[in-house]
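Trainee: Spelled out from the first residue to the last, the chains are:
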Amino acid sequence: MPIEVNLDLIMVKRKMSLTELSEKVGITMANLSVLKQGHARAIRFSTLEKVCEVLDCQPGDLLSYKKEE
Amino acid sequence: MTGKTISRVGTEVKALRIVLITLLILYGVVSVSSAFIMAKVVPSLVNRPSGRLFLGSISVFCDRVLPGVVFFFMAYSIFKLISLISRGEPFSPASPRYIRRVGYAVFGLAAANTVVDAISAFTPPVDFLSKAVIWILFSGLNTLLMGFGFLVIAKVIEIGVRLQQDQNLTV
Chain A
1 MPIEVNLDLI MVKRKMSLTE LSEKVGITMA NLSVLKQGHA RAIRFSTLEK
51 VCEVLDCQPG DLLSYKKEE
Chain B
1 MTGKTISRVG TEVKALRIVL ITLLILYGVV SVSSAFIMAK VVPSLVNRPS
51 GRLFLGSISV FCDRVLPGVV FFFMAYSIFK LISLISRGEP FSPASPRYIR
101 RVGYAVFGLA AANTVVDAIS AFTPPVDFLS KAVIWILFSG LNTLLMGFGF
151 LVIAKVIEIG VRLQQDQNLT V
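Listed in order, the protein sequences are those of chains A and B.
Heads up, the first sequence is in our numbering, so the first residue is 1 and it goes up one at a time.
Heads up, the second sequence is in our numbering, so the first residue is 1 and it goes up one at a time.
Read the hints as simulated data drawn from the structure, not as lab findings.
No incorrect hints appear here.
Estimated spans, in silico, between C-beta atoms of each pair:
{"id": "1", "chain 1": "A", "residue 1": "28", "chain 2": "B", "residue 2": "156", "range": "29 to 37 Å"}
{"id": "2", "chain 1": "B", "residue 1": "156", "chain 2": "A", "residue 2": "38", "range": "24 to 32 Å"}
{"id": "3", "chain 1": "A", "residue 1": "12", "chain 2": "B", "residue 2": "88", "range": "33 to 41 Å"}
{"id": "4", "chain 1": "B", "residue 1": "156", "chain 2": "A", "residue 2": "37", "range": "28 to 36 Å"}
{"id": "5", "chain 1": "B", "residue 1": "160", "chain 2": "A", "residue 2": "57", "range": "35 to 43 Å"}
{"id": "6", "chain 1": "B", "residue 1": "149", "chain 2": "A", "residue 2": "67", "range": "40 to 48 Å"}
{"id": "7", "chain 1": "A", "residue 1": "26", "chain 2": "B", "residue 2": "18", "range": "36 to 44 Å"}
{"id": "8", "chain 1": "B", "residue 1": "168", "chain 2": "A", "residue 2": "57", "range": "20 to 28 Å"}
{"id": "9", "chain 1": "B", "residue 1": "20", "chain 2": "A", "residue 2": "45", "range": "41 to 49 Å"}
Just a sample of chain A residues kept apart from chain B, beta carbon distances all over 12 Å, derived:
{"id": "10", "residue": "6"}
{"id": "11", "residue": "9"}
{"id": "12", "residue": "12"}
{"id": "13", "residue": "17"}
{"id": "14", "residue": "54"}
Quick look at which bits of chain A chain B covers, simulated, 3 or more residues with Cβ under 8 Å:
{"id": "15", "region": "23–32"}
{"id": "16", "region": "40–50"}
All residues carry an ideal CB built from backbone N, CA and C; glycine is no exception.
Starting from the given sequences, assemble the full structure and let the hints guide the process.
Mentor: As structure tokens, this is what we get:
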């Protein structure tokens, strides 16, 4: 998929673990892991909103578009 | 799904299983009895000319033996489908495969029916060819339509499986 999720980068910057993020955002570790590894097919606005709120970032910081060759 | 819904689905699945097993037992009893009856009828075919005996054997095979095997194959596929439903995975990737198998089995039944109808329509040779052909086509088309319906349902379930996977991967 040309959309890449940069969740791991932001988590490193904020020094936050997956467990801590999942507790603060209120979604399961499994779902967060799917998102982090880039296996997610879609993300709800509500989830994006919570992640951005907890990590204090913009949706653009989390997602990026790379053209497929 | 709530606990109440799950328990209701569980009861329905149990009922479906019981109905399927009862039908299978009934079908087995009827098949065995009809095999005994056919065993009494087939020796009378021996007195007929060899061509008729051959057609009679094919007719018995397509009318009794082949549908029996196909029905058990269909029952196995339906049983697998019920198992998937009882596990709470009706939209598993295997579901459309089982439904498609039932569809192909129905096509097989249609072919067997057509052969049996053709043999009975043309033995002895008919006066009105068009009447016999229409009779054969009509009985075969009903079953073909049913098989086609199963294939369409399998396609719909396949799309459902894709939607379910999308839903599972939505965070």
